[in-house]
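Sequential numbering of the sequence shown, starting at 1, is according to this note's numbering.
Derived from the structure by calculation, the hints contain no laboratory data. Worth double-checking, as some hints may not be accurate.
[To be verified] Straight-line distance between alpha carbons at most 30 Å, and here's what the computed DSSO-like set of lysine-lysine pairs gives:
id, residue 1, residue 2
1, Lys119, Lys572
2, Lys245, Lys363
3, Lys546, Lys437
[To be verified] Simulated restraints on C-beta separations:
id, residue 1, residue 2, range
4, Thr200, Pro246, 23 to 33 Å
5, Thr200, Lys381, 55 to 65 Å
6, Ile433, Thr348, 33 to 43 Å
7, Asp232, Arg179, 39 to 49 Å
Even for Gly, the Cβ is constructed at its ideal location relative to N, Cα and C.
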Amino acid sequence: MILPAAFCTFLLFGQDKSYSTEDNRYFTEAAIRLSPPDESWQTLQQPVMVSFANSNTRYAKEKVPFTAVQQSWNAAAWKGEKVHTQLLVWTNEPVTQLTYTLSNLVNAKKQTIPAPNIKAGFIRYVITDEFAGGCGYRKPADFDSSLAADAIDIISSMPVDARTVQPIWLSIHVPQNARPGNYKGSITVKADKSYTLYYTVKVIDRVLPTPDKWTFDLDLWQHPAAIARVHDVPLWSDKHFDLMKPYYTLLAGAGQKNITASIMDEPWGHQTYDDFPGLIKWTKHKDGSWVYDYSLFDKYVAFVMSCGINKRINCYTMVPWALSFRYFDEAAGKDTMLKAPIGSVEYTAHWTSMLKDFTQHLKHKGWFDITTIAMDERPMKDMQVVIALLKSIDPGWKIALAGNYHPEIEKDIYDYCLASNLQFDEAVLKERIAEGKPSTYYTCCTENYPNGFTFSPPAEHVWLGWYAAAKGFTGYLRWAYNSWVADPLRDSRFRSWPAGDTYQVYPGPRTSVRFEKLIEGIQDFEKIKLLQKEFTVKGNTRSLQKLDNVLQPFAIEKLKTIPAEDMVRQAKKILNE
1 MILPAAFCTF LLFGQDKSYS TEDNRYFTEA AIRLSPPDES WQTLQQPVMV
51 SFANSNTRYA KEKVPFTAVQ QSWNAAAWKG EKVHTQLLVW TNEPVTQLTY
101 TLSNLVNAKK QTIPAPNIKA GFIRYVITDE FAGGCGYRKP ADFDSSLAAD
151 AIDIISSMPV DARTVQPIWL SIHVPQNARP GNYKGSITVK ADKSYTLYYT
201 VKVIDRVLPT PDKWTFDLDL WQHPAAIARV HDVPLWSDKH FDLMKPYYTL
251 LAGAGQKNIT ASIMDEPWGH QTYDDFPGLI KWTKHKDGSW VYDYSLFDKY
301 VAFVMSCGIN KRINCYTMVP WALSFRYFDE AAGKDTMLKA PIGSVEYTAH
351 WTSMLKDFTQ HLKHKGWFDI TTIAMDERPM KDMQVVIALL KSIDPGWKIA
401 LAGNYHPEIE KDIYDYCLAS NLQFDEAVLK ERIAEGKPST YYTCCTENYP
451 NGFTFSPPAE HVWLGWYAAA KGFTGYLRWA YNSWVADPLR DSRFRSWPAG
501 DTYQVYPGPR TSVRFEKLIE GIQDFEKIKL LQKEFTVKGN TRSLQKLDNV
551 LQPFAIEKLK TIPAEDMVRQ AKKILNE
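Given these sequences and hints, build the entire structure.
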């Protein structure tokens, strides 16, 4: 049961907000004391219990999860696939230092999946709230709040309080050159004593490509300034770039395709906790001429590419939420704001000069063909003005849009992402895919489900990949990879949207249950596409029909009555046959 905020006491212990990867510092979670206490703690068979558990369930920190202990786990995986589960430790007495050790996975022929491919991490609890209508400003006291197990930590040991649950995430990445067969391994958890649990991974004789070769168009928007803030380093300093690298490498490992590049200050009108600075410095000389400094833009784009995200550069934006544009006015000796409606003489002059120069710069860098001018939920009339202006400067300009479906401009949009309640016309989608145009969908604060809030059922993030495959989308977009709130490791709530809407990973970097489940769904998408291609080439219509039948249940309206976990479990069973 989630108690209303009026019946909860929030205790923010400790003020250590250092999220450094260098010292892996332990942090104390926020706490919510619930009354009355769970009396079932008195019935534990022994002081400390350890068991495998369902990876699609967020177990409450203060409640006994179940009574029947599961000491083994079985999984099936393609070569190249990552699979995961979670373990639970729940205890009636304090555990001073909880640790774990991992064994190699070994098959009957003594072939191994080596230790570096097997990882574990403590799942940490963060304050979350509820959907409560979704978008719109909110006060924490007005909403039900609870603790949600989500962040996967990077520490190797931690204390556990009495009468609490501590989940552990276990992840196995099967090498692409692994031999098919059953691999057996174990994890030993040390609490009051050692507990060893055993598991088997059945490696199927099929190969999943590496993430850089995945076809799924993943676009999670990056926020570099947030990384500087949580690590307390100067923006754009060498240290900032060093700290950004593991975050972008983690994202590349999920198959990310797009670089989020801000070509102006605050494309989204200060909607995030941290500012969103532009990467290009605009300067108007005293004689009225313009100069554009691309040095930071070039450095940032090259850096993100070096992390493995190099397919597209989406530049935000010519149509910001607040129609104002910052530049340095040399005559006035200060930054100045131009406020101009889309299509006005001032707007057209302001952007024509920049776009002509930017076009030549991108061509010189060899980036023009992979760059778009991107817009977010902008009206069609504004889009038509921007499209006409861009095409007048260079017909080769590409445009990206996340928003409503407008047939009138569809052919002009290269990277088109629709809200989750919308779909492309079947013939249009077929033509777009044939032309290699990204044709994706997104979720945001509007949808109660499917979604990736910190209170969302984890299987909904897996479901997203299946839905893309079922409806023919080429991928999925979410507006925030790391637009962190004030204290993201302890409290995921924000002033404007349901908790967790602003980020999918945590400072550290620390991955999350949500992020790992999103990758799981993307892997399933890739497997579906590979099988469809193989069955088509072989003329295996029976198997194609079977795959199509598996995808049929994936419709958003069905989530009203059928949990995402149930749909995904049944579909995965058939997929792995």
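Going through the hints against the structure:
1. Lys119 <-> Lys572: Given pair lysine 119, lysine 572 holds - Cα atoms ~23 Å apart, limit 30 Å.
2. Lys245 <-> Lys363: holds (26 Å)
3. Lys546 <-> Lys437: Since the Cα atoms of lysine 546 and lysine 437 sit roughly 28 Å apart, the hinted pair holds (cutoff 30 Å).
4. Thr200 <-> Pro246: 23 to 33 Å: holds (31 Å)
5. Thr200 <-> Lys381: 55 to 65 Å: holds (59 Å)
6. Ile433 <-> Thr348: 33 to 43 Å: holds (34 Å)
7. Asp232 <-> Arg179: 39 to 49 Å: holds (47 Å)
Comparing the model with each numbered hint stated earlier shows that all of them hold.
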